[in-house]
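Line by line, the protein sequences give chains A and B. Numbered according to our numbering, the first sequence terminates at residue 610, and the numbering increases by one at each position without gaps. Numbered according to our numbering, the second sequence terminates at residue 473, and the numbering increases by one at each position without gaps.
Hints listed in this document are in silico derivations from the structure and should not be mistaken for laboratory results. Please note: incorrect hints may appear among the correct ones.
Straight-line C-alpha distance at most 30 Å; calculated DSS-like pairs for lysine-lysine [claimed, not checked]:
1. A:Lys-584 to B:Lys-154
2. A:Lys-435 to A:Lys-584
3. A:Lys-584 to B:Lys-364
4. A:Lys-347 to A:Lys-492
5. B:Lys-100 to B:Lys-154
6. B:Lys-155 to A:Lys-347
7. B:Lys-364 to B:Lys-430
8. B:Lys-364 to A:Lys-347
9. A:Lys-435 to A:Lys-446
10. B:Lys-430 to A:Lys-299
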Amino acid sequence: MLPLLFMVPLLLGGFLALLAGASADAQRYAKYFGLLGSLGSSAMVAYSFAYQPLSSAYAVQWFSFLSYSFQLNISTSSINMLLLLLVSIVSPLIFWYSAGYMDVPSEQSRYYFELSIFAASMLLFAMSAGFLTLFIAWEGLGITSYLLIGFWYQRPEPAFAGRKAITTIIIGDIFLLAGILILWSSVHSFAFSSTESYFASLPAVPMVLYVGLAFILIAALTKSAQFPFHEWLSDAMEGPTPVSAFLHSSTMVKAGVFMVVLLLPLYQIAGMLDIILVIGIITAFIGALNAVSSLHLKKILAYSTIEDLGLMFVAIGMNALPAALLLFVVQTFYKALIFMSAGTIMKANDDVVDIYKTRSFGRSRGIFVIALVGSLSLAGIFPLSGFFGKVAVDAAGSSNMIIYTALTVLDFLTALYIFRWLFIPMKQQKANHTKSIDANYASISKNIIIPQVLLVIFVFLFSAFIFFYPAISPAASALPGMAAFSFINEAKIGYYDALVESAAAVAGVAAAVALFAIKANAFSEKSAVRRFLSVGFFVNAFYGYVAAGIMLISRSIGVFDFELNRLLYAGGSSTVGIGGALRKLENGSVNTYIIAFAIGLVLIIAMLVL
Amino acid sequence: MVIPFLLLMIIFPAMFLGLILALRRHAGSLAVLSGLVNFIITIYILFESLISGSADMTESFRYIPSLGITLDLRVNLFILVLLLMSSAVILVTALSGNIKREREVLSSALLVLFQIGATGLFLSGNLFVFFIFWDIGVIAPFFMINVLGSANRKKASYKFIVYEIFASAMLLLGIILVYFYSPGHSLNLNQLGTLALQMPAYIQHYVFFLFFIAFMINMPIFPLHSWLPDAHTEASTQGSMVLSGVLTKFGGFGMLIIFTSFAIAKAYAPYVAVISAVSAFYAVFLIMQQTDIKRIVAYTTIIEMSIIMFSITTLNNFGVYGALYGMLAHGLVVAVMFLSAGVIEHVFFERNVNVLRGIAFGEKLTSYVFLAGIFAVTGVPLTASFIADVLMFIGAINAFGYIGVIPLFSLVLLGGFLYFVINRSFFSTKEHTSAVDFMGFRQKAGYFILLALILAFGVMPFIILRMVNYALI
Chain A
1 MLPLLFMVPL LLGGFLALLA GASADAQRYA KYFGLLGSLG SSAMVAYSFA
51 YQPLSSAYAV QWFSFLSYSF QLNISTSSIN MLLLLLVSIV SPLIFWYSAG
101 YMDVPSEQSR YYFELSIFAA SMLLFAMSAG FLTLFIAWEG LGITSYLLIG
151 FWYQRPEPAF AGRKAITTII IGDIFLLAGI LILWSSVHSF AFSSTESYFA
201 SLPAVPMVLY VGLAFILIAA LTKSAQFPFH EWLSDAMEGP TPVSAFLHSS
251 TMVKAGVFMV VLLLPLYQIA GMLDIILVIG IITAFIGALN AVSSLHLKKI
301 LAYSTIEDLG LMFVAIGMNA LPAALLLFVV QTFYKALIFM SAGTIMKAND
351 DVVDIYKTRS FGRSRGIFVI ALVGSLSLAG IFPLSGFFGK VAVDAAGSSN
401 MIIYTALTVL DFLTALYIFR WLFIPMKQQK ANHTKSIDAN YASISKNIII
451 PQVLLVIFVF LFSAFIFFYP AISPAASALP GMAAFSFINE AKIGYYDALV
501 ESAAAVAGVA AAVALFAIKA NAFSEKSAVR RFLSVGFFVN AFYGYVAAGI
551 MLISRSIGVF DFELNRLLYA GGSSTVGIGG ALRKLENGSV NTYIIAFAIG
601 LVLIIAMLVL
Chain B
1 MVIPFLLLMI IFPAMFLGLI LALRRHAGSL AVLSGLVNFI ITIYILFESL
51 ISGSADMTES FRYIPSLGIT LDLRVNLFIL VLLLMSSAVI LVTALSGNIK
101 REREVLSSAL LVLFQIGATG LFLSGNLFVF FIFWDIGVIA PFFMINVLGS
151 ANRKKASYKF IVYEIFASAM LLLGIILVYF YSPGHSLNLN QLGTLALQMP
201 AYIQHYVFFL FFIAFMINMP IFPLHSWLPD AHTEASTQGS MVLSGVLTKF
251 GGFGMLIIFT SFAIAKAYAP YVAVISAVSA FYAVFLIMQQ TDIKRIVAYT
301 TIIEMSIIMF SITTLNNFGV YGALYGMLAH GLVVAVMFLS AGVIEHVFFE
351 RNVNVLRGIA FGEKLTSYVF LAGIFAVTGV PLTASFIADV LMFIGAINAF
401 GYIGVIPLFS LVLLGGFLYF VINRSFFSTK EHTSAVDFMG FRQKAGYFIL
451 LALILAFGVM PFIILRMVNY ALI
């Protein structure tokens with residue numbers, strides 16, 4: 001159970017941060033506790049990566065009931081190691097960035113406590129190899145993300161966003177629990193490996209597997225913000241920006257995808273990949289089109305995440321796991337980077353989020369360069385790492401012409417919306433120019449900039465790593481953890497796919513230049529197209545109908561309950577009424593008694609005679 | 001000489017009750033002491049049974065020899081778990097339930113009286129003793145509502161007592177039937193199953209039906225639930241805590257007994273399962289109409305108890321012990337939620353969630369405790385409810401196939417609504433809610449004890465489940 005120790009520094013840091021909240025003076029140390037805890041965890045993962053052989057068998061019994069053992073299964077097999085590594089690379093950067101970003105002194109300890117628990121849950125999630133471990137981590141993520149999204153509950157919007165998130169997440173939680181228990185009842189084990197071997201050994205696929213996997217898939221859709229559960233993610237932008245960066249890059253939203261990846265053999269057995277594919281395509285289009293139309297600095301990026309996750313589901317649905325994993329990894333870096341630069345822009349613009357009202361850089365253009373690197377990677381321009389992920393997914397879809405066309409259109413849209421995001425504030429540079437924004441940019445803390453610079457370096461390094469991986473992999477295999485990246489060799493990246501993808505991306509950038517860099521007001525607020533896209537495809541309206549339906553049922557049951565109560569009261573009062581009527585017989589008048597006695601006597605005699 | 005621990009668990013509270021009424025001073029502390037004594041004895045019995053591997057104990061005393069009735073007390077695993085829960089809840093209720101510290105003599109005396117009733121009921125070894133303590137356990141909360149309750153208390157208390165007296169009558173009728181038709185006029189609860197088999201078949205059905213109605217009212221299950229929201233809402237904080245933490249478990253305990261000992265229960269189980277599933281969803285739709293924070297917590301009791309009833313009807317080990325664990329978890333969780341609701345009422349002088357806004361500004365700790373209570377209600381891992389949910393629904397799936405998970409989905413609606421309440425009234429902008437008072441150290445201690453126990457039974461379920469394994473393997 002050694003890998004469980006990875007969580008310990010983070011948990012320790014989190015609880016120390018919480019304790020620091022006891023006095024207002026000690027709160028400023030909270031960020032150090034958080035950062036140190038996260039560095040400690042990352043160091044342990046790095047050690048494991050470098051020296052420990054990848055292994056897949058750790059199990060400890062939590063409790064036993066009758067002859068059944070309820071085990072916590074964890075593993076550091078290649079796929080688990082991959083996510084562990086991503087989380088531990090990103091999380092110290094997020095803590096560092098937070099140290100510069102979260103500057104409200106009174107909320108420090110709460111923030112770092114919640115963030116640490118969140119990161120620790122994600123580590124647990126990354127190493128889970130059984131449903132029980134997975135579910136514990138899953139709920140930990142759900143709860144802490146709710147607290148973090150609604151962190152500024154003093155304002156109505158974040159509180160609402162937090163509620164929307166938790167309402168969606170709790171649907172997933174219960175579905176996941178139901179699915180897990182349904183599968184357990186057949187397999188009698190929570191370990192993924194024994195679940196797979198159990199169902200693989202059956203001659204026919206039982207109904208139980210379909211039902212269980214469908215429930216688990218619904219849970220994955222809620223967590224990974226897939227259609228029709230995607231709306232919470234864009235609202236979740238009300239959370240602090242470091243949280244958004246963390247949520248969208250390596251944690252939380254990746255959990256759903258990762259769970260499906262872990263359970264991919266089961267989905268293959270059940271033949272449910274087509275469902276995943278269809279949902280992925282729908283979601284990717286919704287995400288991309290919403291991103292094209294949104295005016296919100298962070299929501300554009302959120303819809304972009306929804307699109308990326310949709311693309312991962314498409315790759316999984318095409319049964320191309322390496323492609324999905326490649327996008328999974330590269331998306332982590334560019335999304336963390338681009339969210340951090342969005343946070344910088346927000347910070348300098350006093351939290352103005354309308355892209356037409358912000359100014360994307362001050363006197364120094366460094367921040368713009370950082371955002372540019374992120375955008376280029378996101379758009380999939382060679383040689384940045386995003387390119388490899390996009391091409392791998394395209395190649396995975398190349399066996400089906402419809403899917404391939406759709407993916408190419410998505411590549412075009414991606415480049416279009418991300419450069420729209422980049423160009424519009426740039427074009428407004430003069431219009432939105434004020435001295436205070438310049439001053440804000442000048443006073444941006446180094447703690448905000450340095451993690452971004454590190455991430456830029458990571459993006460370049462990782463691009464080179466992917467490009468040269470076939471060449472360096474024999475030498476790199478000295479590190480045992482390097483086997484986690486062996487999927488790169490399996491991902492098919494053809495020249496033809498690369499050409500098509502690049503053409504689409506460049507066309508998207510060109511369109512963005514033409515529409516937004518030269519002619520700034522194209523596609524602005526009043527456009528009919530934008531208005532059509534911005535209604536979010538009526539998903540929110542649909543949620544509204546569901547809620548209204550539930551309330552209607554609730555009201556009618558309320559009426560029914562009231563009537564039921566009245567009925568019971570009527571029963572009670574009729575008893576009282578009978579008592580009152582009978583009471584009149586016992587009025588103490590001797591005459592009445594004698595008459596009654598006589599009548600009774602006559603009746604008895606009559607009965608005896610007859 | 002063997003120390004009669006079980007009898008002492010009734011005698012000590014009786015002594016404390018006498019002391020409270022005689023001294024009329026230090027009443028609150030005496031009640032706490034009474035709770036503490038029983039809690040310690042329960043912990044002692046738990047340790048003993050963990051060491052010896054069996055929780056079974058019996059004690060028997062002469063009582064009414066002419067009728068062949070003895071004062072039998074017993075402990076088994078069901079009873080030990082329920083005792084653990086009830087003694088913890090009663091201890092915390094005594095410690096922190098009386099937030100305003102007013103009418104201490106009366107409230108403490110009623111609480112200790114209820115403690116006698118609850119402890120005696122769980123410990124009772126025959127149906128006669130069971131019935132006596134059942135009625136004691138019903139009378140004490142009646143006064144907690146009628147005298148100590150809030151504005152609408154008279155109506156609520158009469159509603160409560162009418163329902164409960166009806167349940168008592170059914171119970172008594174059933175007990176009389178058992179007495180007359182069982183061989184040797186035995187009322188022994190340990191042998192209820194074998195006794196039942198020796199009765200004529202139609203009497204078995206009568207007895208089962210009478211007991212079932214009595215326990216159904218007490219639990220409560222739709223359509224006989226309507227006493228509960230009124231009673232829980234109007235009772236004093238102490239009253240709400242013990243009513244929903246402990247009193248509803250009388251019914252649950254009774255259901256456990258009749259469903260595990262009557263052979264004919266198998267025929268009724270599917271119907272009861274449907275009723276309890278309907279009950280869970282019925283209550284979850286009703287909860288959405290509520291605005292009173294205590295009423296909201298009261299409705300969660302109906303939902304949870306319905307799910308527990310549903311789980312008992314599975315009649316397999318997972319379901320039955322899951323239900324037991326569910327009662328343990330629910331007792332603790334609902335007590336902490338009622339305590340925090342009581343604190344909110346005390347601090348803000350308001351219970352309407354439409355009026356309350358930004359509770360977190362006035363009462364940060366209580367808000368987080370209430371949130372933790374919601375986590376526990378919705379079965380988040382590492383709370384005791386999660387273990388209960390896992391066991392209960394594995395049992396349900398084993399018994400009914402995968403449609404057995406349907407009642408679990410009532411938790412989606414429940415969670416959705418509770419987060420809505422939290423979002424609107426607790427963690428929201430501060431509008432027109434202002435604190436008029438503050439809570440004391442005792443309430444914090446109460447939160448701590450209950451939350452620690454919820455966490456402990458969630459992280460270390462093997463304490464209880466180990467003994468289940470001892471008992472069954």
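Here is how each hint holds up against the structure:
A distance of roughly 28 Å separates the Cα atoms of Lys-584 (chain A) and Lys-154 (chain B); the hinted pair therefore holds under the 30 Å criterion. A C-alpha spacing of about 94 Å is found between Lys-435 (chain A) and Lys-584 (chain A), which places the hinted pair above 30 Å, so the restraint is violated. The suggested pairing of Lys-584 (chain A) with Lys-364 (chain B) is violated, with an alpha-carbon distance near 61 Å, which exceeds 30 Å. Between Lys-347 (chain A) and Lys-492 (chain A), the direct Cα distance comes to roughly 41 Å. Violation of the 30 Å bound is thereby established for this hinted pair.
Taking the CA atoms of Lys-100 (chain B) and Lys-154 (chain B), the gap is about 21 Å. The hint holds against a cut of 30 Å. Proximity of Lys-155 (chain B) to Lys-347 (chain A) is assessed by CA-CA distance (about 58 Å); at most 30 Å being required, the pair is judged violated. For the proposed pair Lys-364 (chain B) and Lys-430 (chain B), the alpha carbon gap of about 13 Å is at most 30 Å, so the pair holds. Distance hint between Lys-364 (chain B) and Lys-347 (chain A) is fulfilled; the C-alpha atoms sit about 28 Å from each other, no more than 30 Å.
Distance check on the hinted pair: Lys-435 (chain A) and Lys-446 (chain A) sit about 21 Å apart at the alpha-carbon level, within 30 Å; holds. With a C-alpha separation of about 27 Å, the suggested pair Lys-430 (chain B) and Lys-299 (chain A) falls inside the 30 Å cut-off, and the hint holds.
Hints 2, 3, 4 and 6 from the list above are not met by this structure, while the remaining hints are.
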